[in-house]
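Asker: Those protein sequence lines, which keep their order, are chains W and R.
The working numbering applies: residue 1 is where the first sequence begins, and numbers increase by one.
The working numbering applies: residue 1 is where the second sequence begins, and numbers increase by one.
None of these hints come from the bench; they were simulated from the model.
You may find that some hints are simply not true.
Stated by the list, open to error - Quick list of in silico lysine-lysine cross-link-like pairs, DSSO-like style, CA-CA up to 30 Å: (1) Lys-475/W - Lys-327/R; (2) Lys-52/R - Lys-475/W; (3) Lys-308/R - Lys-503/W; (4) Lys-52/R - Lys-112/R; (5) Lys-275/R - Lys-327/R; (6) Lys-483/W - Lys-52/R; (7) Lys-161/R - Lys-475/W; (8) Lys-71/R - Lys-54/R; (9) Lys-275/R - Lys-62/R; (10) Lys-187/R - Lys-480/W; (11) Lys-52/R - Lys-162/R; (12) Lys-275/R - Lys-436/W; (13) Lys-503/W - Lys-52/R; (14) Lys-172/R - Lys-503/W; (15) Lys-503/W - Lys-275/R; (16) Lys-138/R - Lys-71/R; (17) Lys-503/W - Lys-446/W; (18) Lys-138/R - Lys-454/W; (19) Lys-138/R - Lys-503/W; (20) Lys-327/R - Lys-71/R; (21) Lys-94/R - Lys-436/W; (22) Lys-503/W - Lys-62/R; (23) Lys-503/W - Lys-136/R; (24) Lys-71/R - Lys-22/R.
Unchecked claim - Covered stretches of chain R, as calculated for chain W (at least 3 residues, CB under 8 Å): (25) 142-151; (26) 222-235; (27) 248-261.
Just so you know, these numbers come straight off a predicted model, no measurement behind them.
Glycine included, every Cβ here is placed at the ideal spot set by N, Cα and C.
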Amino acid sequence: MASRRLLLLRRLAQTVSVFVLAYILWNTRYPLSGYINPEFYFLIDPFAMIVTSIAERVLLPGLIYAAVLLVITFVVGRGFCGWICPLGALLDFLSYCKSLVMRIFRKKERENDPLPLRYGKYLFLGATVIAALAGVQLAWFLDPITIFVRAFSFTIHPLVSGSIDRAFTSLLAAADYPGWLEWAYDYLREGFLNLSTPEFNHAGSILIILLVILFLSLIKRRFWCRHLCPLGAALALPARFSPLRRDVSRCEKNCGLCRNLCRMNAIRMDNSYIKEECILCLDCVALCPNDRAAFTFGKQRAEAPAVQAGGALMTRGSFIAMAGAVLAAPPASAAPSAERANRPRKPPRPGTISLIRPPGALPEEEFIQRCIRCGNCMKVCPTNVLQPLPISDGLARAWSPVLDTRRGYCEYRCNLCGRVCPTDAIAELPLERKQKVQIGTGVFNKTICIPYAKGENCIVCEEHCPVPEKAIRVKEGIVKGRKVMLPHVVADLCIGCAICELKCPTRPDKGIVVVKVRNA
Amino acid sequence: MKKIFSFLSGGNVDRAGRTSRKDFLRSMAVAFASTPFIRALFRPAEARAAEKLKPRPRRAVKTLCDLAVVKGDSPAAITRKAVEAVGGMGRFVKPGAIVVIKPNIGWDREPKYAANTNPEVVAALVRLCYDSGAKKVKVFDNTCNSAPMCYLNSGIADAVKKAGGHISHINKDKFIPGAFSESSPMKSWPIYRDAVECDCFINAPIAKHHGLSRLTLSMKNLMGICGGNRGEMHWNIDEKLTDLTRFIRPDLTVIDAYRILLRNGPSGGNLKDVKLTKTVIAGTDPVLADAYAATLFGISPGDIGYIKNGAEAGLGTMNIAGANIRKISV
Numbered sequence: 001m002a003s004r005r006l007l008l009l010r011r012l013a014q015t016v017s018v019f020v021l022a023y024i025l026w027n028t029r030y031p032l033s034g035y036i037n038p039e040f041y042f043l044i045d046p047f048a049m050i051v052t053s054i055a056e057r058v059l060l061p062g063l064i065y066a067a068v069l070l071v072i073t074f075v076v077g078r079g080f081c082g083w084i085c086p087l088g089a090l091l092d093f094l095s096y097c098k099s100l101v102m103r104i105f106r107k108k109e110r111e112n113d114p115l116p117l118r119y120g121k122y123l124f125l126g127a128t129v130i131a132a133l134a135g136v137q138l139a140w141f142l143d144p145i146t147i148f149v150r151a152f153s154f155t156i157h158p159l160v161s162g163s164i165d166r167a168f169t170s171l172l173a174a175a176d177y178p179g180w181l182e183w184a185y186d187y188l189r190e191g192f193l194n195l196s197t198p199e200f201n202h203a204g205s206i207l208i209i210l211l212v213i214l215f216l217s218l219i220k221r222r223f224w225c226r227h228l229c230p231l232g233a234a235l236a237l238p239a240r241f242s243p244l245r246r247d248v249s250r251c252e253k254n255c256g257l258c259r260n261l262c263r264m265n266a267i268r269m270d271n272s273y274i275k276e277e278c279i280l281c282l283d284c285v286a287l288c289p290n291d292r293a294a295f296t297f298g299k300q301r302a303e304a305p306a307v308q309a310g311g312a313l314m315t316r317g318s319f320i321a322m323a324g325a326v327l328a329a330p331p332a333s334a335a336p337s338a339e340r341a342n343r344p345r346k347p348p349r350p351g352t353i354s355l356i357r358p359p360g361a362l363p364e365e366e367f368i369q370r371c372i373r374c375g376n377c378m379k380v381c382p383t384n385v386l387q388p389l390p391i392s393d394g395l396a397r398a399w400s401p402v403l404d405t406r407r408g409y410c411e412y413r414c415n416l417c418g419r420v421c422p423t424d425a426i427a428e429l430p431l432e433r434k435q436k437v438q439i440g441t442g443v444f445n446k447t448i449c450i451p452y453a454k455g456e457n458c459i460v461c462e463e464h465c466p467v468p469e470k471a472i473r474v475k476e477g478i479v480k481g482r483k484v485m486l487p488h489v490v491a492d493l494c495i496g497c498a499i500c501e502l503k504c505p506t507r508p509d510k511g512i513v514v515v516k517v518r519n520a
Numbered sequence: 001m002k003k004i005f006s007f008l009s010g011g012n013v014d015r016a017g018r019t020s021r022k023d024f025l026r027s028m029a030v031a032f033a034s035t036p037f038i039r040a041l042f043r044p045a046e047a048r049a050a051e052k053l054k055p056r057p058r059r060a061v062k063t064l065c066d067l068a069v070v071k072g073d074s075p076a077a078i079t080r081k082a083v084e085a086v087g088g089m090g091r092f093v094k095p096g097a098i099v100v101i102k103p104n105i106g107w108d109r110e111p112k113y114a115a116n117t118n119p120e121v122v123a124a125l126v127r128l129c130y131d132s133g134a135k136k137v138k139v140f141d142n143t144c145n146s147a148p149m150c151y152l153n154s155g156i157a158d159a160v161k162k163a164g165g166h167i168s169h170i171n172k173d174k175f176i177p178g179a180f181s182e183s184s185p186m187k188s189w190p191i192y193r194d195a196v197e198c199d200c201f202i203n204a205p206i207a208k209h210h211g212l213s214r215l216t217l218s219m220k221n222l223m224g225i226c227g228g229n230r231g232e233m234h235w236n237i238d239e240k241l242t243d244l245t246r247f248i249r250p251d252l253t254v255i256d257a258y259r260i261l262l263r264n265g266p267s268g269g270n271l272k273d274v275k276l277t278k279t280v281i282a283g284t285d286p287v288l289a290d291a292y293a294a295t296l297f298g299i300s301p302g303d304i305g306y307i308k309n310g311a312e313a314g315l316g317t318m319n320i321a322g323a324n325i326r327k328i329s330v
């Protein structure tokens with residue numbers, strides 16, 4: 001059983017992959033360290049890249065990396081799923097924990113699943129591609145990398161970082177601020193913790209997808225990967241032609257152990273296997289009691305004819321799946337179509353619902369199709385102003401980033417959101433250009449604004465305005481018989497960064513609010 | 001669970017696992033009686049939450065002159081010279097002292113835009129403090145823009161670290177209501193604890209334009225140790241700044257006027273608004289230091305509300321002609 005080392009190697013690769021991604025995400029913040037591109041895991045994701053490219057009719061730079069992964073998959077099969085995919089690694093870890101518990105209760109699991117539900121994922125893939133052809137990008141909802149990253153950025157990171165931070169601050173307060181502890185806290189805050197823990201709206205509802213996937217994997221190992229994952233389906237297509245294959249020609253017994261072990265339910269009763277289902281986890285090789293299974297490069301030997309049946313380009317099952325996808329697609333794509341989005345709506349109350357997108361974002365209709373809701377921009381935002389929209393704002397724009405100007409403001413000398421966007425839904429603008437982009441404009445509410453309403457000096461907004469020429473200027477005026485400085489917005493200069501709204505001292509409603517500009 | 005409960009209450013459990021009424025009452029009594037002990041664990045924290053920060057005591061330090069104004073090409077050299085002209089750092093910083101230097105790190109701008117204190121001035125002060133035997137020199141500011149960007153791009157974090165100083169970020173728990181006088185408009189404004197609990201407080205602002213108060217100088221710089229809704233301080237700002245300065249009583253004020261921002265302050269961002277004056281002003285009287293700095297902008301000190309208010313409240317003098325000012329060129 002020398003090949004048990006291979007299992008260790010695989011687990012190591014999975015662990016490293018998860019930690020590399022966690023490291024990337026943890027450091028997706030100011031200043032970007034630049035060791036690993038924060039877009040990396042998305043760029044190599046062929047599902048997200050291809051679907052977004054089709055939906056938007058653009059050639060994303062990420063397609064090159066995605067093509068590399070497809071070529072690798074063509075050579076060695078779905079190794080990505082078994083060795084690299086962070087969500088897969090998480091599911092494997094959960095199943096491992098479950099098996100430990102099961103061992104306590106002395107229960108044995110059978111992984112073999114007689115139902116060939118593996119076509120579900122092709123249905124998802126087909127439906128997504130067809131929707132993409134109709135101009136609707138649904139990858140954001142189904143892409144496993146995105147699901148993992150969103151859960152990490154919106155929930156796990158704030159939770160871990162925030163608890164450590166809270167623990168330190170409480171300990172510091174309880175111990176009356178001893179120097180060494182303060183030093184340790186400052187040191188942690190410099191590199192590891194965020195200075196202020198980011199908080200995200202609707203993080204709970206965003207986590208639900210991951211929780212459902214985790215729950216399903218308790219029923220069957222890798223349930224998501226077997227039946228649902230469209231990225232897995234996309235990788236299965238080239239993996240089908242991979243020259244690497246499982247060689248069981250030395251196996252005489254067909255004891256069925258590997259069949260029950262297989263987490264992907266890829267081994268058939270006659271000990272042949274479904275190549276595109278195999279994720280090369282190597283359990284069947286390493287755990288074979290007789291050491292009779294192996295993976296080799298080469299042509300299929302004549303002794304195992306059963307596999308040939310699966311060699312046909314399109315089986316009946318996958319044909320049915322594709323046909324089903326074709327039928328299912330029109331209703332799926334019709335829902336958030338561009339036509340519907342363009343339909344005249346009731347105009348929102350001014351100053352209340354104004355979706356201010358980050359600077360450099362594409363026009364609204366394009367933006368919601370291009371954005372895969374990975375959460376990178378929201379994670380990196382230094383002021384926590386970028387927040388996911390709730391589903392209640394329409395499924396079409398759910399969880400896309402928008403400025404919540406009561407939480408933060410758009411930092412004048414920061415262009416990080418554009419720099420970490422994997423699909424360029426937010427363009428990577430140089431600072432000088434970003435500082436000219438108008439995302440909204442400030443509007444004074446003169447019944448609340450202190451100088452106008454009470455005749456007292458304030459102009460905190462003017463103080464904070466980051467535009468060098470000042471987009472908020474003051475004129476002297478007389479209110480209630482007192483000479484005060486009255487602020488006003490210079491519309492041509494205002495970029496809508498909303499620092500004025502955040503710093504405006506009136507509570508709870510603000511004397512100045514930032515609203516979207518019609519043509520912006 | 002039942003076993004644990006019965007074990008805790010120390011009573012008998014019948015066949016069905018129910019506790020007897022007597023045992024239940026007894027366990028309730030134990031729980032009730034233990035409340036004060038549990039409360040006692042949190043008492044220090046409660047007591048601390050109720051207490052207010054007391055103002056820093058006034059320390060009279062004899063100086064060689066009322067104000068030192070030094071001109072020269074190197075920000076660090078003129079800073080050292082200015083402190084020396086006042087009487088040397090040794091008069092303010094005793095061996096083993098914990099020193100707080102409060103520069104302006106409010107904005108995410110590079111030093112050339114004159115929105116933050118010159119990093120070389122801050123670093124020079126840190127070194128002078130350590131040379132005089134300071135135990136620890138803390139440098140911090142409650143920034144307006146996002147803190148990591150301000151600390152990094154102002155160049156101050158780097159400069160202070162190189163000088164051996166202790167740069168720290170604001171810990172929100174350390175803002176404690178200050179015990180201002182009853183009549184003060186500051187009421188019990190939250191003040192950063194570290195700024196008060198130190199042996200020596202050095203105020204190191206930059207002289208620049210400000211929309212509301214015309215200029216932001218040393219007294220206005222103290223807003224950086226305030227917490228709460230700081231925008232509200234703009235309402236009736238002159239009196240508030242006077243009370244705040246009286247609360248902190250900076251031992252030494254060093255105004256960086258190496259570059260001054262003439263317009264569009266306090267954040268600036270346009271090099272055309274920056275004037276190179278190559279001056280550092282040092283003194284113990286915050287009002288006098290501010291009054292002199294105002295003249296660099298061609299503004300009469302009496303026209304700046306908080307300087308006038310501070311002088312009237314007896315915080316210092318704005319009478320430049322009557323003060324002993326040493327002017328030095330390096």
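Asker: If a hint holds in the structure, say so; if it doesn't, say that too.
Answerer: Going down the list of hints, with the structure as the test:
no.: 1; hint: Lys-475/W - Lys-327/R; result: 38 Å, violated
no.: 2; hint: Lys-52/R - Lys-475/W; result: 40 Å, violated
no.: 3; hint: Lys-308/R - Lys-503/W; result: 27 Å, holds
no.: 4; hint: Lys-52/R - Lys-112/R; result: 39 Å, violated
no.: 5; hint: Lys-275/R - Lys-327/R; result: 20 Å, holds
no.: 6; hint: Lys-483/W - Lys-52/R; result: 36 Å, violated
no.: 7; hint: Lys-161/R - Lys-475/W; result: 43 Å, violated
no.: 8; hint: Lys-71/R - Lys-54/R; result: 37 Å, violated
no.: 9; hint: Lys-275/R - Lys-62/R; result: 33 Å, violated
no.: 10; hint: Lys-187/R - Lys-480/W; result: 26 Å, holds
no.: 11; hint: Lys-52/R - Lys-162/R; result: 35 Å, violated
no.: 12; hint: Lys-275/R - Lys-436/W; result: 25 Å, holds
no.: 13; hint: Lys-503/W - Lys-52/R; result: 26 Å, holds
no.: 14; hint: Lys-172/R - Lys-503/W; result: 17 Å, holds
no.: 15; hint: Lys-503/W - Lys-275/R; result: 28 Å, holds
no.: 16; hint: Lys-138/R - Lys-71/R; result: 27 Å, holds
no.: 17; hint: Lys-503/W - Lys-446/W; result: 16 Å, holds
no.: 18; hint: Lys-138/R - Lys-454/W; result: 40 Å, violated
no.: 19; hint: Lys-138/R - Lys-503/W; result: 27 Å, holds
no.: 20; hint: Lys-327/R - Lys-71/R; result: 8 Å, holds
no.: 21; hint: Lys-94/R - Lys-436/W; result: 51 Å, violated
no.: 22; hint: Lys-503/W - Lys-62/R; result: 41 Å, violated
no.: 23; hint: Lys-503/W - Lys-136/R; result: 33 Å, violated
no.: 24; hint: Lys-71/R - Lys-22/R; result: 86 Å, violated
no.: 25; hint: 142-151; result: holds (count 6)
no.: 26; hint: 222-235; result: holds (count 6)
no.: 27; hint: 248-261; result: violated (count 0)
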